[in-house]
Amino acid sequence: ETGVTQTPRHLVMGMTNKKSLKCEQHLGHNAMYWYKQSAKKPLELMFVYNFKEQTENNSVPSRFSPECPNSSHLFLHLHTLQPEDSALYLCASSSLDTDTQYFGPGTRLTVL
Amino acid sequence: QQQVKQSPQSLIVQKGGISIINCAYENTAFDYFPWYQQFPGKGPALLIAIRPDVSEKKEGRFTISFNKSAKQFSLHIMDSQPGDSATYFCAASRAGNNRKLIWGLGTSLAVNP
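Here the protein sequences line up with chains A and B, keeping their order.
So for the first sequence, my numbering puts the first residue at 21; every next one is plus one.
So for the second sequence, my numbering puts the first residue at 7; every next one is plus one.
So here's chain A without its partners, still in its complex pose (with noise of 0.2 Å):
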């Protein structure tokens, strides 16, 4: 595998359930993010991860819980989710002494 990697590609949920979507990275970067994707919005920084560390969270709701177990692998646990939830995942890595964020295809998620 080579870049940014996310799994599932595609999921579909109810609002009760829990899901984790997953990033891998391959770029020995050290920065990850995620991003929300919706149609006629700019994309929405949610969470940025520095060396694992939490240095952003832009006033995303608990039921989006991030997890950074090292620098390669980012994880975004939901839980109780709603239908407006529904949008494009993208995960993102960074060198920190770039500004080029290298993006992954996305997980298309859908709340029922």
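Pulled a few chain A residues facing chain B out of the computed Cβ check, cut under 8 Å:
| # | residue |
| --- | --- |
| 1 | Pro62 |
| 2 | Leu65 |
| 3 | Glu76 |
| 4 | Leu110 |
| 5 | Asp119 |
| 6 | Thr120 |
| 7 | Gln121 |
| 8 | Phe123 |
| 9 | Gly124 |
| 10 | Pro125 |
| 11 | Gly126 |
Derived from the structure by calculation, the hints contain no laboratory data.
Quick reminder that beta carbons are idealized off the backbone N, C-alpha and C, glycines included.
Since chain A is already given, all that's left is putting chain B on it; use the hints.
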């Protein structure tokens, strides 16, 4: 408050034509201006980026023009090809802010054969 305004929302260009997408920003502290390209089913990928110390940057058929005084920058795609059909996002960031990218709304480009 949208800090980066992108236009047009959608664009249709004939093959071989020039595609032009514009962005305007408000925060004069921004010092990095990338353009990302996103194909369906893929995440955004960096296409080209510029810093405010130059007014233009060219990479192949893609050129960024930057106007610091007007707080505007634009992407020009020369000799547009059907394979360029994608959504294009401009963004901006500044040092010391987690390098947080502020994104435009995106432009859906369709290049007709």
